[in-house]
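Enquirer: Chains as they are written, first to last, in numbering that gives the first Met the number 0: chain A, 0 to 267; chain B, 0 to 195.
Among the clues, some could well be false.
Label-pair ranges, simulated between beta-carbon atoms [claimed, not checked]: (1) B:N47 with A:T83: 54 to 60 Å; (2) B:P160 with A:D72: 33 to 39 Å; (3) B:K55 with A:D134: 48 to 54 Å; (4) A:E75 with B:D139: 39 to 45 Å; (5) A:A130 with B:A105: 45 to 51 Å; (6) B:D139 with A:P30: 20 to 26 Å.
Here are the simulated lysine-lysine pairs, DSS-like style, with alpha carbons at most 27 Å apart [unchecked claim]: (7) B:K157 with A:K82; (8) B:K110 with A:K245; (9) A:K243 with A:K45; (10) A:K181 with A:K82; (11) A:K37 with A:K245; (12) B:K55 with A:K62; (13) A:K238 with B:K53; (14) B:K183 with A:K245; (15) A:K45 with A:K82; (16) A:K79 with A:K147; (17) B:K93 with A:K238; (18) A:K45 with A:K62; (19) A:K243 with B:K183; (20) A:K243 with A:K62; (21) B:K53 with A:K243; (22) A:K188 with A:K147; (23) A:K207 with A:K243; (24) B:K157 with B:K110; (25) A:K207 with A:K245; (26) B:K157 with A:K245; (27) A:K208 with A:K96; (28) A:K193 with A:K208; (29) A:K243 with B:K54; (30) A:K207 with A:K193; (31) B:K93 with A:K245; (32) B:K149 with A:K243.
Worth flagging that the hints you see were computed from the coordinates, not collected in a lab.
Idealized CB from N, CA, C, for every residue including glycine.
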Amino acid sequence: MQYGMIIDLERCVGCHACTIACRAEWEVPVPYQRNWVKRLGPTMTKDGMAATYYPGLCNHCDKPPCVDECPADLAEMTFKDAKTGKTKTMEVAATWKDPFDGTVQVDKERCLGCGACADACPYGARYVNPALADDNSDGKADKCTYCKPRIEEGLQPACVQTCITGARIFGDLTDPNSAVSKYVKNGAKGLEVKDGHIGPNSRYFGNKKDISLLFADYTPELADMGSVKRRAMMASMVKPAMRKAKDIGLLGLAGAMLVKGLSEDEKN
Amino acid sequence: MSPEEQSEDIARVYRFLSQCMQYPDAEWMDEDFFNVFYSLLGTLGAVNDAVEIKKKIDQAEDPVEDLQVEYTRLFINGVPHVVAPPYGSVYMDKSLQGTFAGNTLAFYRDKGFAMEENADLPDHLIHELEFLSLLTLENDLPGEEEFLTKLFRPWYEKFHPRVTEGAHHPFYRVVVQLIDFFTKEEDKDGFQPNKA
Numbered sequence: 000m001q002y003g004m005i006i007d008l009e010r011c012v013g014c015h016a017c018t019i020a021c022r023a024e025w026e027v028p029v030p031y032q033r034n035w036v037k038r039l040g041p042t043m044t045k046d047g048m049a050a051t052y053y054p055g056l057c058n059h060c061d062k063p064p065c066v067d068e069c070p071a072d073l074a075e076m077t078f079k080d081a082k083t084g085k086t087k088t089m090e091v092a093a094t095w096k097d098p099f100d101g102t103v104q105v106d107k108e109r110c111l112g113c114g115a116c117a118d119a120c121p122y123g124a125r126y127v128n129p130a131l132a133d134d135n136s137d138g139k140a141d142k143c144t145y146c147k148p149r150i151e152e153g154l155q156p157a158c159v160q161t162c163i164t165g166a167r168i169f170g171d172l173t174d175p176n177s178a179v180s181k182y183v184k185n186g187a188k189g190l191e192v193k194d195g196h197i198g199p200n201s202r203y204f205g206n207k208k209d210i211s212l213l214f215a216d217y218t219p220e221l222a223d224m225g226s227v228k229r230r231a232m233m234a235s236m237v238k239p240a241m242r243k244a245k246d247i248g249l250l251g252l253a254g255a256m257l258v259k260g261l262s263e264d265e266k267n
Numbered sequence: 000m001s002p003e004e005q006s007e008d009i010a011r012v013y014r015f016l017s018q019c020m021q022y023p024d025a026e027w028m029d030e031d032f033f034n035v036f037y038s039l040l041g042t043l044g045a046v047n048d049a050v051e052i053k054k055k056i057d058q059a060e061d062p063v064e065d066l067q068v069e070y071t072r073l074f075i076n077g078v079p080h081v082v083a084p085p086y087g088s089v090y091m092d093k094s095l096q097g098t099f100a101g102n103t104l105a106f107y108r109d110k111g112f113a114m115e116e117n118a119d120l121p122d123h124l125i126h127e128l129e130f131l132s133l134l135t136l137e138n139d140l141p142g143e144e145e146f147l148t149k150l151f152r153p154w155y156e157k158f159h160p161r162v163t164e165g166a167h168h169p170f171y172r173v174v175v176q177l178i179d180f181f182t183k184e185e186d187k188d189g190f191q192p193n194k195a
């Protein structure tokens, strides 16, 4: 089984009901979001004038780059298939891809709040929620779960339920008879990363010009995790000492030898 | 931690290291300064270095004057010769204010920064660290990487061992090791404390 979501751009009217439902359901603090709607165009594409929306969320990818980056200690977890009752035990960090439903989830208890997963996500679908900070972290990684707790209760994800035009369709992509599979057969596709294959499972359906505009504007690239990791590690190491330096006014002394203020003329 | 917060903390480190390389003066080199310095070393696991420096500072009658003498000997005017001039051109062009300094200034200007009138030469270590701090604050990661690779590391790798070998006071030996650590491409082995 692989849960997935179709966004039908032919139906989306950009009302943001989905983003509000998600924020309300999961108490997502401003400015973070698990779910967004961006307006695109009007722009001339090779297929004609296009204007559409980019409703985005976690893609619960086949090969999620966020999962590989989690530095938390591995712990044994047993997963259960809701349909068959079959179980599987795996060693996972604080974020993983569920072996049965294909969703990508986070264990907030074990999350260190380092933000490496958020840096790795090419879609910007993760954030570190500072409202969940504890003694050991500045916050906890958070993201769309495809409303797993609701699904387990037999409900639809909040964004799907609230969509006034039925532009969001949720289901099992491995079931050939599901509505989502039929959309895929008709050409719905995910925003795959440039020069890579991570298999996004939130997919987009629409007319040629709108899809062309969406893919031209929002095809992401994989993050360079070498420099991202180095940066995150450096920042977390130096934070306590450097904030102390700032508090005692030490960091204002060395400056004033380089000033920004060149006009474009002076540069040339 | 958001990318902006990360950048702020990294920019502060560059700025702090730049401060460490200023001529020692009791106006800023006080107990608070050393406490931040020891705290930074502590978080990097270099407790032995912190202890060694603290011992030396606490035992000195006038620790700032000791460091002034050492600073002058290492970086300004030593006998028979200065140990490690902190200018890139000295290592890349074998002269002060060579083309390397010009290239460095051109890079600053390209990023929209200029030198103030009373500033030292553009390829002075202090200015380069300040520049890295400013680039980082602007989240110009590609700019930071390019500057480190093309204009900072090539000469710093020659400067660093000269200080390590020529230092009489542990403070500067550790400061140049910190700068090395924070400007290296790869730091998978973590901060390597100096062997005393």
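Enquirer: Evaluate each hint against the coordinates.
Expert: Now for the hints, and whether the structure bears them out:
| no. | hint | result |
| --- | --- | --- |
| 1 | B:N47 with A:T83: 54 to 60 Å | 58 Å, holds |
| 2 | B:P160 with A:D72: 33 to 39 Å | 38 Å, holds |
| 3 | B:K55 with A:D134: 48 to 54 Å | 35 Å, violated |
| 4 | A:E75 with B:D139: 39 to 45 Å | 43 Å, holds |
| 5 | A:A130 with B:A105: 45 to 51 Å | 46 Å, holds |
| 6 | B:D139 with A:P30: 20 to 26 Å | 22 Å, holds |
| 7 | B:K157 with A:K82 | 65 Å, violated |
| 8 | B:K110 with A:K245 | 25 Å, holds |
| 9 | A:K243 with A:K45 | 55 Å, violated |
| 10 | A:K181 with A:K82 | 22 Å, holds |
| 11 | A:K37 with A:K245 | 38 Å, violated |
| 12 | B:K55 with A:K62 | 54 Å, violated |
| 13 | A:K238 with B:K53 | 22 Å, holds |
| 14 | B:K183 with A:K245 | 24 Å, holds |
| 15 | A:K45 with A:K82 | 46 Å, violated |
| 16 | A:K79 with A:K147 | 13 Å, holds |
| 17 | B:K93 with A:K238 | 38 Å, violated |
| 18 | A:K45 with A:K62 | 32 Å, violated |
| 19 | A:K243 with B:K183 | 24 Å, holds |
| 20 | A:K243 with A:K62 | 41 Å, violated |
| 21 | B:K53 with A:K243 | 18 Å, holds |
| 22 | A:K188 with A:K147 | 23 Å, holds |
| 23 | A:K207 with A:K243 | 55 Å, violated |
| 24 | B:K157 with B:K110 | 26 Å, holds |
| 25 | A:K207 with A:K245 | 53 Å, violated |
| 26 | B:K157 with A:K245 | 31 Å, violated |
| 27 | A:K208 with A:K96 | 33 Å, violated |
| 28 | A:K193 with A:K208 | 20 Å, holds |
| 29 | A:K243 with B:K54 | 22 Å, holds |
| 30 | A:K207 with A:K193 | 20 Å, holds |
| 31 | B:K93 with A:K245 | 38 Å, violated |
| 32 | B:K149 with A:K243 | 32 Å, violated |
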